[in-house]
Amino acid sequence: MAKAKKPKLAVWKFASCDGCQLSLLDCEDQLLQVTEIVEIANFPEASREIQPGPYDISLVEGSITTPHDAERIHKIRRQSKILITIGACATSGGIQALRNFKDVREFINLVYANPKFISTLQNSTPISHHVYVDYELRGCPINKYQLLEVLNAFINNRKPNIPNNSVCIECKRKGITCVMVAEGKVCIGPVTHAGCNALCPSYNRGCFGCYGPKEAANTSSLAKQFMEMGLDNYGIVRVFRGFNAFSDAFRKESEAYEK
Amino acid sequence: MKSKTIKVDYLARVEGEGSLVVNIKGNKIKDLKFKIFEPPRFFEAFLVGRHFTEVPDITARICGICPIAYQMSSVHAMESIAGIKIEGPIRDLRRLIYCGEWIESHVLHIYFLHAPDFLGYEDAIQIAKDHPNIVKKALEMKKIGNEIVNLLGGREIHPINVRVGGFYSIPPKSEFLLLIERLKWARDAAVETVRWAASLPFPDFDVDYEFVALSHPDEYPFNEGRLISNKGLNIDISDYENNFFEEHVAYANALHSVNRKGEPYFVGPLARFNLNFDKLSPLAKELAHEVGFIPPVTNPFKSIIARAIETVYACDEAIRLIENIDWSTKPYVEFEMKEGVGYGCTEAPRGILYHRYRVGKNGLVESAKIVPPTSQNQKQIEKDLYEFVTKYINLSKDELQWKLEQVIRNYDPCISCATHFLKLEIIRED
Chain A
1 MAKAKKPKLA
11 VWKFASCDGC
21 QLSLLDCEDQ
31 LLQVTEIVEI
41 ANFPEASREI
51 QPGPYDISLV
61 EGSITTPHDA
71 ERIHKIRRQS
81 KILITIGACA
91 TSGGIQALRN
101 FKDVREFINL
111 VYANPKFIST
121 LQNSTPISHH
131 VYVDYELRGC
141 PINKYQLLEV
151 LNAFINNRKP
161 NIPNNSVCIE
171 CKRKGITCVM
181 VAEGKVCIGP
191 VTHAGCNALC
201 PSYNRGCFGC
211 YGPKEAANTS
221 SLAKQFMEMG
231 LDNYGIVRVF
241 RGFNAFSDAF
251 RKESEAYEK
Chain B
1001 MKSKTIKVDY
1011 LARVEGEGSL
1021 VVNIKGNKIK
1031 DLKFKIFEPP
1041 RFFEAFLVGR
1051 HFTEVPDITA
1061 RICGICPIAY
1071 QMSSVHAMES
1081 IAGIKIEGPI
1091 RDLRRLIYCG
1101 EWIESHVLHI
1111 YFLHAPDFLG
1121 YEDAIQIAKD
1131 HPNIVKKALE
1141 MKKIGNEIVN
1151 LLGGREIHPI
1161 NVRVGGFYSI
1171 PPKSEFLLLI
1181 ERLKWARDAA
1191 VETVRWAASL
1201 PFPDFDVDYE
1211 FVALSHPDEY
1221 PFNEGRLISN
1231 KGLNIDISDY
1241 ENNFFEEHVA
1251 YANALHSVNR
1261 KGEPYFVGPL
1271 ARFNLNFDKL
1281 SPLAKELAHE
1291 VGFIPPVTNP
1301 FKSIIARAIE
1311 TVYACDEAIR
1321 LIENIDWSTK
1331 PYVEFEMKEG
1341 VGYGCTEAPR
1351 GILYHRYRVG
1361 KNGLVESAKI
1371 VPPTSQNQKQ
1381 IEKDLYEFVT
1391 KYINLSKDEL
1401 QWKLEQVIRN
1411 YDPCISCATH
1421 FLKLEIIRED
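Respectively, the protein sequence lines represent chains A and B.
Take the first sequence: its position 240, counting from 1, is numbered 240 in the working numbering, and each next residue is one higher.
To convert, take the position in the second sequence, counting from 1, and add 1000; that gives the working numbering.
Be aware that one or more of the hints could be misleading.
[Unchecked claim] List time: in silico DSS-like cross-link candidates among lysine-lysine, alpha-carbon distance up to 30 Å: (1) B:Lys1369 / A:Lys6; (2) A:Lys174 / A:Lys159; (3) B:Lys1143 / A:Lys174; (4) B:Lys1261 / B:Lys1285; (5) A:Lys172 / B:Lys1173; (6) B:Lys1261 / B:Lys1085; (7) B:Lys1261 / A:Lys185; (8) B:Lys1129 / A:Lys102; (9) B:Lys1035 / B:Lys1231; (10) A:Lys81 / B:Lys1085.
Quick caveat, the hints were computed from the structure, so don't treat them as lab data.
Okay, chain A solo, but in the shape it has when bound (with noise of 0.2 Å):
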């Protein structure tokens, strides 16, 4: 029997670090298995080789900033079977979407030289602005266990196991006692997406939302309680505005506390 031919992956960037896509090479257990499985076709940060379109799986990576990139991303999904956005910029903005609070000339003016050669759109805005996006992976950075599993899950054709539910329950399943409640840290894992494990009470600080808000978050009712934590408006505006500001829960909530 002809051997099955393996599904092709590319890696696109836009506005970002590299560091999600990185993630794919920080897998060192299991990098050359994945090449076993996927023939990663287009993925310029590892390789000179790049293969043409259609892609079985675009991994995207980065938010949309500029007219140009407006345009590559509906080439890139007329290209791709399945879309996979990773992390917090392709998935709400990233931490450059601070500029969406703002006018984006000021932004220039403060950064640039020489303002009219830069070319860019006012917001940054997350990839499900402009295409459809058939996965969504949280995570400022994204967590690598999660994306093996959901490349695994979409070459298997099933849905990928990623528990939906908060930091704060993590938090509590792994026994840490509560950063809040017991030391008064502002912790913002009650509102934000599981996946990192409760990362930053384990190291007793407070979480900050790496991962946005999770479905239904009440993030009204924690501001709240910020505030009588000693929090003042400003305070809990940039509380909700780091690297998932411009996702619609977080947005409001700094929005609400801004006027």
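Based on the hints, put chain B in the right spot on chain A.
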């Protein structure tokens, strides 16, 4: 007249998005552009108004490959404003986490980004098909570097445990001791890597560079020291902006970092090696002698050997630190923040990373300036490209193109880092 155009729309095996265009007519270069089209992300703008304690977490996001460097330069800058100097075990732990980042980043570059050029492969996965053991060894070495960052930082990309004043918490000594045997293995593997790298064929290409690196009286530099060069520079880091400038380049409206004479300069492993050779560990020094790699080394293609020697050093230093750190230390130093201006300059795997912040009365950042190593090297990269084409103009188009890509990769450029600060015209070649 015969002419050729080399056009690389999307440079591979670099971190970020860049392109290269060279137009050659007859025996003359008509045009040469090394461009960066990575979209800007405006870090220096949105750091304004953030609390100083948030800065190391935010600047880490500039680069997924060297987040520790960004965290280290920013915490040192903030501590200089607060007027505190971190000594003893916390200082040692910061060196330890930096060792992890150097090992991880250098091994990634040596084997995955640079070695394929020398061996004539498109990538490391292709190397693995013919020589699986080389790639497996490289992955294991990289993993050990990552394990240090993972344990002390919480995770390898965007670690969460670094704070102004020290660390949020320090994992138990017993977990670090488990790394020692593995680090010894990695050190042996790095020794083999040095011998292997030194045996590679290098094009004949020497340049009279100004090498710039930190220099510390007692140690190979990570977090502290004066900025020195082989051309007589010797300054405090707070004098950086009086000695290095950004200059307008007419064709691309680009601003590149230049030295006080308006010339390019070279930062990174080869610069550190040339300027700090006597501070390497005895094993690293002995090895350099064995393979005949003695400063001054002025062939940029040989930076792969400098990276390998620094990997040996980082393993040695990590072992020394783990064995000697006083683990009973408190994780951080208490301090009161002041208002003022502070500077941080540390040795990222790719070279010096400069940060300057002004913090106001309320602890909020009023201004930020960040100069990553790749933007400092960019003008030198262009000059190398120009000189390489001039010298090897008769190579076939394909061979010249591959060699020019290699000229760029010699610097391990991190375009994701550089772009947010490079003052460049953004053009995309389609």
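* Please work out if lysine 1369 (chain B) and lysine 6 (chain A) have their alpha carbons no farther apart than 30 Å. => Violated, at about 47 Å.
* Asked: Does lysine 1085 (chain B) lie within 30 Å of lysine 1261 (chain B) when you go C-alpha to C-alpha?
  -> Violated: lysine 1261 (chain B) and lysine 1085 (chain B) sit about 33 Å apart, past 30 Å.
* Asked: Going straight from one Cα to the other, do lysine 1261 (chain B) and lysine 185 (chain A) come out at no more than 30 Å?
  -> violated (51 Å)
* Asked: Holds or violated: are the alpha carbons of lysine 174 (chain A) and lysine 159 (chain A) at most 30 Å from each other?
  -> The hint holds at about 26 Å.
* To do: Measure nothing beyond the straight line between the CA atoms of lysine 81 (chain A) and lysine 1085 (chain B); if it is 30 Å or shorter, mark the hint as holding.
  => Roughly 55 Å separates the two Cα atoms, so the pair is violated.
* **Proposed proximity, lysine 102 (chain A) with lysine 1129 (chain B) (alpha carbon, max 30 Å)** => violated (50 Å)
* To do: For the pair we were handed, lysine 1261 (chain B) and lysine 1285 (chain B), check the Cα-Cα distance against 30 Å.
  => Violated. Lysine 1261 (chain B) to lysine 1285 (chain B) sits at ~33 Å, over the 30 Å cutoff.
* To do: With a cut-off of 30 Å on the C-alpha distance, tell me whether lysine 172 (chain A) and lysine 1173 (chain B) pass.
  => holds (25 Å)
* Would you mind confirming whether the straight-line C-alpha gap from lysine 1035 (chain B) to lysine 1231 (chain B) stays at or under 30 Å? => holds (29 Å)
* Satisfaction of hint between lysine 174 (chain A) and lysine 1143 (chain B), Cα-Cα up to 30 Å -> holds (25 Å)
When the structure is compared with the earlier hints, violations turn up for hints 1, 4, 6, 7, 8 and 10 and for no others.
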